[in-house]
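A.B. asks: As a plain string of letters, each chain reads:
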Amino acid sequence: EAGVAQSPRYKIIEKRQSVAFWCNPISGHATLYWYQQILGQGPKLLIQFQNNGVVDDSQLPKDRFSAERLKGVDSTLKIQPAKLEDSAVYLCASSSTPGPGGTQYFGPGTRLLVL
Amino acid sequence: KQEVTQIPAALSVPEGENLVLNCSFTDSAIYNLQWFRQDPGKGLTSLLLIQSSQREQTSGRLNASLDKSSGRSTLYIAASQPGDSATYLCAAGRGTSGSRLTFGEGTQLTVNP
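Chains as they are written, first to last, in our numbering: chain L, 1 to 115; chain C, 1 to 113.
In case anyone wonders, no lab produced these hints; they're calculated from the structure.
Possibly wrong hints are sitting among the right ones.
[Unchecked claim] One-sided excerpt, in silico: chain C residues whose CB lies under 7 Å from chain L:
| id | residue |
| --- | --- |
| 1 | Gly43 |
| 2 | Leu44 |
| 3 | Arg55 |
| 4 | Glu56 |
| 5 | Ser65 |
| 6 | Tyr76 |
| 7 | Ala86 |
| 8 | Leu89 |
| 9 | Gly106 |
In this text the structure is predicted, and so the values were computed from the model without any measurement.
Note that beta-carbon positions come from the ideal geometry of N, C-alpha and C, so glycine has one too.
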């Protein structure tokens with residue numbers, strides 16, 4: 001089966017610009033996650049969707065970050081305006097079910113550099 | 001707030017050696033503990049998942065143990081190979097379904113031929 005797809009793979013922008021990342025989860029997976037991974041650190045959960053509803057966005061900086069999952073399939077994560085500290089890899093993951101039975105499958109990530 | 005720590009940050013071993021990676025967590029009220037592998041420029045691959053009621057899980061040359069009372073987990077890799085070179089991350093799962101993962105910073109493993 002096809003894995004989690006993400007685009008673009010790399011993005012370079014200047015601070016205060018906006019940027020958007022796209023994720024296509026594994027077909028049939030109801031749960032979708034966005035993580036931020038800063039160099040040298042482990043991934044940090046930004047937001048979790050169950051179908052098209054938000055389950056957990058407690059660590060999402062809502063003043064500049066937004067995410068949506070229309071029709072419960074693809075998802076878009078947006079940053080507006082970007083700051084230098086947003087430079088990181090943004091990982092998307094999906095699972096068939098939340099919790100211990102639902103292994104999270106990760107995409108390759110989008111590497112963002114903010115200058 | 002859950003904090004996950006991994007020691008060592010980096011490890012270099014000769015091929016064939018058995019090795020142990022360590023993970024500790026501050027809040028023992030976890031739902032599960034997972035180990036992932038991350039190759040450069042790629043996403044994470046799930047290796048082993050231990051439920052909070054379990055003590056260990058095995059897959060091939062990998063064995064992961066969990067001691068909730070002490071807040072520790074270990075990943076044992078037997079007969080290491082150059083292809084095992086990667087960053088290994090542990091994550092403590094919590095929330096009502098254990099899907100909210102708190103990751104450690106990872107151990108970068110290099111297996112030299």
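A.B. asks: Each of the hints needs a verdict: does it hold here or not?
C.D. replies: Now for the hints, and whether the structure bears them out:
no.: 1; hint: Gly43; verdict: holds, 3 Å
no.: 2; hint: Leu44; verdict: holds, 4 Å
no.: 3; hint: Arg55; verdict: violated, 15 Å
no.: 4; hint: Glu56; verdict: violated, 15 Å
no.: 5; hint: Ser65; verdict: violated, 17 Å
no.: 6; hint: Tyr76; verdict: violated, 20 Å
no.: 7; hint: Ala86; verdict: violated, 13 Å
no.: 8; hint: Leu89; verdict: holds, 5 Å
no.: 9; hint: Gly106; verdict: holds, 6 Å
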